[in-house]
Structures are given as structure tokens and as C-alpha cells.
Amino acid sequence: QFVLTQPPSASGTPGQRITISCSGGSPSIGAHPVNWYQKFPGKAPKLLIYSSHQRPSGVPDRFSGSKSGASASLAISGLQSEDEADYYCETWDTNSPWVFGGGTKLTVL
Amino acid sequence: EVQLLESGGDLVQPGGSLRLSCAVSGFTFSSYAMTWVRQAPGKGLEWVSTISDGGGTTFYADSVKGQFTISRDNSKNTLYLQVNSLRAEDTAVYYCAKLSGATIGYCTYWGQGTLVTVSS
Chain A
14 QFVLTQPPSA
24 SGTPGQRITI
34 SCSGGSPSIG
44 AHPVNWYQKF
54 PGKAPKLLIY
64 SSHQRPSGVP
74 DRFSGSKSGA
84 SASLAISGLQ
94 SEDEADYYCE
104 TWDTNSPWVF
114 GGGTKLTVL
Chain B
17 EVQLLESGGD
27 LVQPGGSLRL
37 SCAVSGFTFS
47 SYAMTWVRQA
57 PGKGLEWVST
67 ISDGGGTTFY
77 ADSVKGQFTI
87 SRDNSKNTLY
97 LQVNSLRAED
107 TAVYYCAKLS
117 GATIGYCTYW
127 GQGTLVTVSS
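Sequences listed follow chains A and B, in order. All letters in the first sequence, in the order written, are residues 14 to 122 by my numbering. All letters in the second sequence, in the order written, are residues 17 to 136 by my numbering.
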């Protein structure tokens with residue numbers, strides 16, 4: 014079964030730039046776009062990045078996405094306390110049409 | 017404004033059944049695929065099932081295949097998930113989401129979720 018791997022946790026201080034990785038067996042990430050979601054406890058997930066690097070309207074440009082080979086990344090620059098949340102990557106696999114990564118809990122120190 | 021409102025979650029005994037609903041507004045429901053995603057307590061997001069715009073194509077996660085049935089009523093702007101033979105591991109908040117395309121895509125909007133608790 015296809016698996017997307019994210020680090021379980023990440024942290025940074027206000028103003029810092031952090032990245033969260035999402036890796037999966039090639040060719041799945043390489044062949045399909047990667048999407049990222051932000052989730053606060055008790056709240057609905059929110060689309061943050063789609064098609065690997067596109068931002069929906071309303072998402073600050075502090076958030077950016079990239080993909081290279083079998084890995085994708087979410088970068089947050091100018092880290093703010095309100096960015097403290099869980100972040101999930103998601104993509105396609107032929108055997109499991111939608112696959113989420115395990116999630117990364119971001120702590121702003 | 018796009019709105020998705022789930023309902024139907026409840027405390028149910030193992031082996032029981034529920035029908036979850038997701039009423040939507042603010043977009044042309046019949047033009048988009050819809051999906052269900054769940055989150056068990058303390059766990060991450062897990063994709064459950066997806067249905068195409070017209071309902072003719074459905075996808076299921078292996079973990080729920082044969083146990084859950086997704087459907088939609090485009091005349092009522094409502095998405096459903098029939099969940100049968102419930103087990104403790106099905107305990108989760110169930111979210112419905114609108115996809116970006118007619119059959120596939122990413123989740124553009126999400127509901128607030130409905131809690132299903134399976135316990136005796």
C-alpha cells in the first residue's frame with residue numbers, strides 16, 4: 014500500500030522559515046500533484062496548497078509548496094504563532110485514489 | 017458562500033449502522049465530485065470514499081470497502097455515507113468535502129464534521 018511519509022513534528026520560532034517534507038515512492042508523487050491542508054484541533058481542514066505549488070485565494074504568500082522527484086515540501090516563512098497547527102500532504106496512487114500523509118504537528122516556540 | 021453541514025453521527029454499538037449526511041449550499045452540487053474523510057481520535061486524516069458528480073463512479077478505501085456505501089442526491093444537494101457493521105476502529109470524526117473536479121481533484125471546501133462513536 015502506498016504511503017506518504019511526513020515528519021511527525023516540526024518547530025520554529027516566530028519569524029523563522031520552516032519546511033515540512035512529504036515523501037512517497039516514485040512514481041506516485043512524481044506523477045501526480047501534491048496538495049497540502051492545514052488543520053486546527055476541532056476544526057475542519059483547510060486547503061493550503063494545491064497542484065504542488067498553487068495557493069488558493071486568501072492563503073498568505075508566506076505559505077509555499079514545491080515538489081522534486083519523489084518528495085514534496087511545504088514551506089512557511091515569517092512563522093507566526095497562529096500557524097501552530099497540523100499539516101497534511103495528500104496525493105494520488107493508482108491503488109488508493111487519495112492518500113494522506115500521517116501529518117506534521119507544527120509548534121511555534 | 018460555500019457551506020457543507022454534516023449530520024447523522026451518533027454513539028452506536030459494535031455491529032450497528034448509521035447514515036451520515038452532508039447538506040451543501042453555495043455551489044452547483046451536481047457539477048463536483050464529493051468525498052468523505054475521517055479522523056480517528058489522536059490520529060491523522062484518512063480518506064474514506066469519493067463519488068463523482070453524477071454518482072456513476074465511486075471509490076472506496078480498502079479499509080471500508082464492502083462496509084460503507086457512498087451516494088448522493090443531486091436534487092437535494094446532499095451527500096450520504098451509509099456505514100454498516102461498525103467496529104471500534106471506525107470511531108472518528110467524519111468530514112465531507114467538495115472536490116475540485118467532476119471525478120477527481122483536491123478538497124476545496126470541508127464541513128465541520130460529525131462524530132461517530134462505536135462502543136458498547
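These are computed hints drawn from the structure, not numbers from a lab. Check each hint, because a few of them may be wrong.
To be verified - Pulled a few chain B residues facing chain A out of the computed Cβ check, cut under 8 Å:
(1) GLY60
(2) LEU61
(3) TYR96
(4) TYR111
(5) TYR122
(6) THR124
(7) TRP126
(8) GLY129
In this text, a Cβ means the ideal position worked out from N, Cα and C, and glycines have one as well.
Requested in this report: Mind checking the CB of TYR111 (chain B) against every CB in chain A and telling me if the closest is under 8 Å?
Outcome: holds, 6 Å
Query raised in the report: Hey, does the LEU61 (chain B) contact hint survive, CB to chain A under 8 Å?
Result: Interface hint status for LEU61 (chain B): holds (5 Å vs cutoff 8 Å).
Query raised in the report: Against chain A, is GLY60 (chain B) within 8 Å by beta-carbon distance?
Result: Where the cut-off is 8 Å and the nearest Cβ of chain A is about 4 Å from GLY60 (chain B), the hint holds.
Query raised in the report: Is the shortest C-beta separation between THR124 (chain B) and chain A less than 8 Å?
Result: Nearest chain A Cβ about 6 Å off; hint holds.
Query - chain A contact restraint for GLY129 (chain B) - C-beta distance below 8 Å - result: It holds, given that the least Cβ distance between GLY129 (chain B) and chain A is near 6 Å, below 8 Å.
Report task. Under 8 Å, Cβ to Cβ, is where TYR96 (chain B) needs to be relative to chain A, so tell me if that hint holds or is violated. Result -> violated, 19 Å
Query raised in the report: Hey, does the TYR122 (chain B) contact hint survive, CB to chain A under 8 Å?
Result: For TYR122 (chain B), the interface hint holds, since the closest Cβ of chain A sits about 4 Å away, which is under 8 Å.
Query raised in the report: Do the numbers back the hint for TRP126 (chain B), that is, is its least Cβ distance to chain A under 8 Å?
Result: holds, 4 Å
Taken one by one, the earlier hints fail for this structure only at number 3.
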